[in-house]
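Residue-level listing of the chains:
Protein chains: 4
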Amino acid sequence: MPEAIGFVGMGIMGVPMALNLVKAGFDVTVTNRTIEKCKPLADAGATVAESPEDISKRTPIIVTMLTGPQAVDQALFGEDGAAAGLGKGKLVINMSSVPPSYSKDLARRVGNYGASFIDAPVSGSKKPAEDGTLVILAGGEADQVERATPYFEAMGKKTIHCGPAGSGSHMKMSINLLLGSMLSGLAEMLAFGEKGGLSREVMLNVVLAGPLSNELFAMKRDLLASNEYTPQFPAKHMAKDLKFALDTAHETGAWAPATHLAAQLYRMLVAADRGDEDFSAVFDVLRGAL
Amino acid sequence: MPEAIGFVGMGIMGVPMALNLVKAGFDVTVTNRTIEKCKPLADAGATVAESPEDISKRTPIIVTMLTGPQAVDQALFGEDGAAAGLGKGKLVINMSSVPPSYSKDLARRVGNYGASFIDAPVSGSKKPAEDGTLVILAGGEADQVERATPYFEAMGKKTIHCGPAGSGSHMKMSINLLLGSMLSGLAEMLAFGEKGGLSREVMLNVVLAGPLSNELFAMKRDLLASNEYTPQFPAKHMAKDLKFALDTAHETGAWAPATHLAAQLYRMLVAADRGDEDFSAVFDVLRGAL
Amino acid sequence: MPEAIGFVGMGIMGVPMALNLVKAGFDVTVTNRTIEKCKPLADAGATVAESPEDISKRTPIIVTMLTGPQAVDQALFGEDGAAAGLGKGKLVINMSSVPPSYSKDLARRVGNYGASFIDAPVSGSKKPAEDGTLVILAGGEADQVERATPYFEAMGKKTIHCGPAGSGSHMKMSINLLLGSMLSGLAEMLAFGEKGGLSREVMLNVVLAGPLSNELFAMKRDLLASNEYTPQFPAKHMAKDLKFALDTAHETGAWAPATHLAAQLYRMLVAADRGDEDFSAVFDVLRGAL
Amino acid sequence: MPEAIGFVGMGIMGVPMALNLVKAGFDVTVTNRTIEKCKPLADAGATVAESPEDISKRTPIIVTMLTGPQAVDQALFGEDGAAAGLGKGKLVINMSSVPPSYSKDLARRVGNYGASFIDAPVSGSKKPAEDGTLVILAGGEADQVERATPYFEAMGKKTIHCGPAGSGSHMKMSINLLLGSMLSGLAEMLAFGEKGGLSREVMLNVVLAGPLSNELFAMKRDLLASNEYTPQFPAKHMAKDLKFALDTAHETGAWAPATHLAAQLYRMLVAADRGDEDFSAVFDVLRGAL
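Chains as they are written, first to last, in my numbering: chain A, 1456 to 1745; chain B, 1456 to 1745; chain C, 1456 to 1745; chain D, 1456 to 1745.
Among the hints, erroneous ones may be present.
[Unchecked claim] No more than 25 Å apart at the CA atoms, straight line, and that leaves these computed lysine-lysine pairs for BS3-like:
hint, chain 1, residue 1, chain 2, residue 2
1, B, K1582, B, K1494
2, C, K1695, A, K1695
3, C, K1698, A, K1695
4, D, K1698, B, K1559
5, D, K1698, B, K1691
6, C, K1559, A, K1698
7, B, K1559, D, K1695
8, D, K1582, B, K1695
9, C, K1698, A, K1559
10, C, K1512, C, K1691
11, A, K1613, A, K1545
12, B, K1698, D, K1559
13, B, K1695, D, K1492
14, C, K1512, A, K1698
15, B, K1698, D, K1695
16, B, K1698, D, K1492
17, C, K1559, C, K1492
18, D, K1582, D, K1492
[As the list claims (entries may be wrong)] Cβ pair distances, simulated, as ranges:
hint, chain 1, residue 1, chain 2, residue 2, range
19, C, A1664, B, D1560, 40 to 46 Å
20, B, N1567, D, G1743, 43 to 49 Å
21, C, T1588, A, D1528, 44 to 50 Å
22, C, R1563, A, I1490, 57 to 63 Å
23, C, L1663, D, G1480, 28 to 34 Å
24, A, G1566, D, L1745, 30 to 36 Å
Simulated from the structure, these hints should not be mistaken for laboratory data.
Each residue gets a CB set at the ideal place from its N, CA and C atoms; glycine is no exception.
Please build the complete structure, drawing on both the sequences and the hints.
And the structure:
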């Protein structure tokens, strides 16, 4: 019989992810700072706990899916935090997106209680979370990742073991860095072409018909064609992620010139009070229409 | 009955492209500076002419597929050049890759003879040329592009009318600029990830499993994984293309920061005497292994 | 009669600065974590205190000259910290180099005790500290800067009131950013010239004979000419300062492209284990001799 | 008795330079496409010739001071060009600013006539030309540079022998590259400081009081303080010079990242129709006020 699992954080991502665990037949206990947000899970058959501490006393595996380091710290080590219930045999899985240096530190602090740790940020947002098609980027000991795999399979379509604790976060950051530079690269190409008299619609057709075509570009096509940047992933989040990537480059000694460039471009959007628009608005920076 | 077509330039691209015209049933006349290279076409049923001048006197449509501006100039305006046979009703189609400013100038000079002009560089190399799956990027008057379309359909899978004369070349350059920045972006991501302890194989798996996946990255996967950069598209050609793009940015006032960056990176390969390797060798620049 | 002054931090800078206060006839009390380092001051006639707390109880003005935020925090708010003696009428002057955001926060925390605050980092190192020729970059209320001016005049040749608290630190960071980009700019010019066959000695002569000549370039001439980068200001410190500048650019929305570039160049030195050399070693990065 | 000298090009620079030769007692013959512009020289005692050919038949040394490669080509190799009078023992000195690759080519072409060649662009503009305080950057054979030195001494305060033919032009370009990056570096520092609340006047004071102070910054102080960029050296010329520098970097394999950056910044001014303002207007680019 599979181990019971606890889930802290009933946000946009947490609710569908936990629901998929319930649907897969696992014994799921959930909690959230605003406890009302647990209702969809209660309706689906999950147990609702008062606090992370409460969860960690009941279940051997505890997932956190929260907004960032501060919220994770609060959930694990704050008042009523999960740490109170940690010990040998317990496994903490942080699926929140956090910097790799924080993940490594978290692994150490959880380890101090005798418990195991996996960092497992996801690639994909609300829709894939609902559909159970997330890609899960896991960092930790191989046997613990294996232990977590049945749960990951309920939430995602693919689990990739990236290496020791912290590797999941580093992989997520690496992907985001490529995301940022690919989209600003496309925007630059469109701006360059327009200066030479080309129509952006025709350029998008050509790119999407050839070997450079990819889902990201297809997804952004209408936003770029219309200059209406309805937020799917806000520019301010990209700016923040790239800032974290620069911090990491500084720590590890990676060169990262395109990341430096992209960080500046998305920051210019934020500085122009357009950080809430989709990050494809970087097109306006590059065509001089800020 | 379709118009007869002439084809100047029996190189790696020219031979298969002209063969596809013959196979499609067109009346094809070919020539080449080294006349022996016309043999496969003669064998297939094409007429062989002595010179471009000879061609332009026989056929209303003349294609040039040569190594660059100098060779095109020679073929059109040199001794025995096609210009001698140009006049009202004739159509010159330059499919060689050349800078947009050269294409515009060429349109003007061909126009001086009363003839029409299309610039139509292709996206795709030897294999697609053989398979007739090139993408043809055409610039010129709409009626002339329509006139040329049956021939383009024999050589390619798709023809895109990009705008007036010069637009095809500008489109080709825009695509190459994106090609250069996307591949150096992937290389940077891999170098960044490795500094954080990730395996490049795992990273390539993750990228190719997600929304950023594209044919270019898939094609370069083994080269990047092995650091054996068997040339598909040599770095020195990318360096040259990006230099032309910077020239064009200077002329048109486009900003193009990522193109400036990529131009430097590929140039560093050339400066390190590695310009003959595939342009994916830019990975070695970014991981500090030059 | 002038107010008595306390001085916390008897390091390479602190000792000569405090000695100049004694020589100017002020009533000076000093302390240091390792109390023995106060000996030169005791010999010169200064009072030695046991702790920062001890100092702040005796003197209305307290200077801190320490290695960074952590040491300053310890000196002011740690056990035996100066905060215990703070109150209305007291003035804390932090002359240590710290990020502007830390300075602003420090002003607020000192203000919570009813005391006043100036941040006053210096431009210049050991020699100017001994000669009393430092330039003092002061941030704070005008009347408090005026109150501190007699003491600044004993330690430096010039005091510049940069604005409210935090402005001194921001000015210091701005100057360092220019320092970093000017020197890497000179290095790039030399590398560019050498590729064209010019002698670096001749280039340095030309630069130093013309309108671009400045003390920094003159000071680095021999290091650049010889490729022997005896540390005057280690590359790792420049890399750190530029990283702080990028953090600040991210916070304030400044663009700062040359700072991004310089940050990468100096970081490459650190990544190549050459962070202890003088920052003029950036020349080796730019001439491809890392 | 010194050799007679001819001077082609009576522009803003040429007139005062040739006048200084006359004042120094040399036997000077001048010419200009618009012959009326030779009047000040005739008044001062110089001989006026009809054409460059006429000059080269009279004088063993011929100076050209013209607007660029095209004008130099016309003066030397055009109709009535100086080439007709060239031969063994003659010396051509081109003082016009041209790309190094052009200078090297020119040396070869002049050499074909058996004559010697020096490229000798100057550092300094109208005022130093009048005052005879130019810095002369000479490239060529040592004995020829020695031969030219008495004339250079009449026109400038300093002659620097930079190496073989072409070296003068490469030195000029290297200096201009540093000029461009230093001024955009200062502009970036001011923009960065302003975002942190500093006054630009105070920042300029601090920079000009310290080891980074130089004549260039002093000269641009008022323009930067007022955002009134009265042209001393127009941005479009800097943009063009940096474009030539990028061309040269591409040819020689120099890296030149700051030059790439500066080229983009000045080009943005030109693209915004502000190329006629002083190049210090790059401040408006960096503070987001384009």
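Structure versus earlier hints - violations, ascending order:
Violated hints: 8, 10, 13, 14, 16, 17, 22, 24; rest satisfied.
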